[in-house]
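Engineer: Line by line, the protein sequences give chains P and G. Mapping the first sequence onto this note's numbering, position 335 (from 1) lands on 335, and the numbers just tick up by one. All you need for this note's numbering is the position in the second sequence, starting with 1, plus 337.
One or more of the hints may lead you astray.
[To be verified] Under the rule of at most 16 Å between Cα atoms (straight-line distance), these lysine to aspartate or glutamate pairs were calculated in the EDC-like manner: (1) P:Lys84 to G:Glu433; (2) P:Lys290 to P:Glu26; (3) P:Lys30 to G:Glu433; (4) P:Lys203 to P:Glu233; (5) P:Lys290 to P:Glu51; (6) P:Lys81 to G:Glu433; (7) P:Lys290 to P:Glu2.
[As the list claims (entries may be wrong)] Interface residues of chain G toward chain P, partial, derived using beta-carbon atoms under 7 Å: (8) Met358; (9) Ser371; (10) Ala381; (11) Ala406; (12) Ile408; (13) Leu416.
Quick caveat, the hints were computed from the structure, so don't treat them as lab data. Each residue gets a CB set at the ideal place from its N, CA and C atoms; glycine is no exception.
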Amino acid sequence: MELLSVIYLIASVTFLLGLRMLSHPETARKGNLVAAAGMGLAIFGTIFLYEDPNSDERLHNYAWIFSGLIIGSIIGTVTAKRVKMTAMPEMVSLFNGMGGACAMLISIVEFHHFASTDFTLQISEALEANGMTEEAVFQLPMPTGMLITIFVGLIIGSVSFAGSMVAFGKLNGTIKDRSFKGQHIVNIALLVAIIVLTFSLLKVISNSFEISSDEVINNAHRIRFGRGIKLIEFSASTYAVFYAVLVFSLAYGILFVLPIGGADMPVVISLLNSFTGVAAACGGFLYDNKVMLTGGILVGAAGTLLTILMCKAMNRSLKNVLIGSFGGGATASGGAT
Amino acid sequence: MDNILTWIAFHQQIIYIVILMIFVGIEVIGRVPSVLHTPLMSGANAIHGVVVIGAIIIMGRAETSNYLALILGFLAVVLGTLNVVGGFVVTDRMLEMFKSKKKK
Numbered sequence: 001m002e003l004l005s006v007i008y009l010i011a012s013v014t015f016l017l018g019l020r021m022l023s024h025p026e027t028a029r030k031g032n033l034v035a036a037a038g039m040g041l042a043i044f045g046t047i048f049l050y051e052d053p054n055s056d057e058r059l060h061n062y063a064w065i066f067s068g069l070i071i072g073s074i075i076g077t078v079t080a081k082r083v084k085m086t087a088m089p090e091m092v093s094l095f096n097g098m099g100g101a102c103a104m105l106i107s108i109v110e111f112h113h114f115a116s117t118d119f120t121l122q123i124s125e126a127l128e129a130n131g132m133t134e135e136a137v138f139q140l141p142m143p144t145g146m147l148i149t150i151f152v153g154l155i156i157g158s159v160s161f162a163g164s165m166v167a168f169g170k171l172n173g174t175i176k177d178r179s180f181k182g183q184h185i186v187n188i189a190l191l192v193a194i195i196v197l198t199f200s201l202l203k204v205i206s207n208s209f210e211i212s213s214d215e216v217i218n219n220a221h222r223i224r225f226g227r228g229i230k231l232i233e234f235s236a237s238t239y240a241v242f243y244a245v246l247v248f249s250l251a252y253g254i255l256f257v258l259p260i261g262g263a264d265m266p267v268v269i270s271l272l273n274s275f276t277g278v279a280a281a282c283g284g285f286l287y288d289n290k291v292m293l294t295g296g297i298l299v300g301a302a303g304t305l306l307t308i309l310m311c312k313a314m315n316r317s318l319k320n321v322l323i324g325s326f327g328g329g330a331t332a333s334g335g336a337t
Numbered sequence: 338m339d340n341i342l343t344w345i346a347f348h349q350q351i352i353y354i355v356i357l358m359i360f361v362g363i364e365v366i367g368r369v370p371s372v373l374h375t376p377l378m379s380g381a382n383a384i385h386g387v388v389v390i391g392a393i394i395i396m397g398r399a400e401t402s403n404y405l406a407l408i409l410g411f412l413a414v415v416l417g418t419l420n421v422v423g424g425f426v427v428t429d430r431m432l433e434m435f436k437s438k439k440k441k
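Same shape as in the complex, but just chain P:
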């Protein structure tokens, strides 16, 4: 485990160096290789050295992991090598979408994992470890924080996935610019629906902790600990709301990119790129994994700045690119081409 922390530290530094070298013409190519080496180190370090903090177990299912890695590498290398030079941006968009989808899938699996976890056990273990007595007041920041990161990862990941796929299709020529009247209202409504559903679900879940001892007093998330608290099993509607958030996020991603003109696509891809960075950072939060956290936040911040710089290079403002196309779809796409 100690060795793995050092590996993660080295990988984080290579990401930093890689980004730095990528922003200078002479060192750019080497920078890419430096970052790639760090990534390889982090991935193989995780496979062989990772230990579950709760059970101190090493990872298993190596056959699945390696076949996934090999299949992904082969498809990735072949498509990236075969693609024409002119089609590079759409390739970036496609790969970005894959990263978003990965973050989305992680959130889905972790939600189901969360729903089936026995919290009683974890909490009493924590209490024993801290040498607290039965009367001790135990705070519950973990499940709520975990749930929020699961949701943020889910929403941002799926927006990024759906948006990148639309951007890919647009650069490909398979999807045409399309906008209908009042689309921005639909977009805002979707966004509000996502937020409201997420909060209501968070509330439902935080109310579904059952207190199994008479001594336990639940006072605004402050739980006086007697024998244990337990998560009541989620009803089917909880899962339904969770998947509704997923579907709405996907729909939002599609509608968000659909009206934007083809010439502005690189800016949008850069924005979605930084979104996926944030989604990856959520994974870092979830697993307390420093390399995911630093890598994700680094890309999130650098990607946002890069988006703004790209807009400036095109003599447009970000607001103009994102909102300007609504309603005036014809003028925006006409002016761009």
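With chain P held as given, fit chain G onto it using these hints.
Structural biologist: The following block gives chain G in isolation, referenced to the frame of chain P:
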């Protein structure tokens, strides 16, 4: 309010990392010339593929009877690897093109 403060205290290490990384991320690419915008975007795209580590952890922790986690986790590993490998290869090809253009 009490809750939020405890949460911040509990996670302060992570919060420090997040804040510092935001500034570092902005500083590190601050003076990028506009010709390098697309390769830099592509390189950053490959770096956020680090999310594949999360997918590997899921796969490695999943019990062999938990098909949902296995199938979705497997898919996540494939997609994440695609992001990493494809991202770095595409960036390399872009920069290769950049170099040959400069020589001419």
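Engineer: Next step is simple, just say for each hint if it's right about the structure.
Structural biologist: Quick rundown of the hints versus the structure:
1. P:Lys84 to G:Glu433: holds (13 Å)
2. P:Lys290 to P:Glu26: violated (30 Å)
3. P:Lys30 to G:Glu433: With a Cα-Cα distance of about 11 Å, the restraint between lysine 30 of chain P and glutamate 433 of chain G holds, given a limit of 16 Å.
4. P:Lys203 to P:Glu233: Measuring from Cα to Cα gives roughly 15 Å; hence the hint holds.
5. P:Lys290 to P:Glu51: holds (14 Å)
6. P:Lys81 to G:Glu433: holds (12 Å)
7. P:Lys290 to P:Glu2: Measuring from Cα to Cα gives roughly 13 Å; hence the hint holds.
8. Met358: With a closest approach of 4 Å, the methionine 358 of chain G hint holds.
9. Ser371: holds (4 Å)
10. Ala381: holds (5 Å)
11. Ala406: Hint on alanine 406 of chain G: holds, closest Cβ of chain P at ~5 Å, below 7 Å.
12. Ile408: violated (9 Å)
13. Leu416: holds (4 Å)
Checked against the numbered hints given earlier, the structure breaks hints 2 and 12 and satisfies all the rest.
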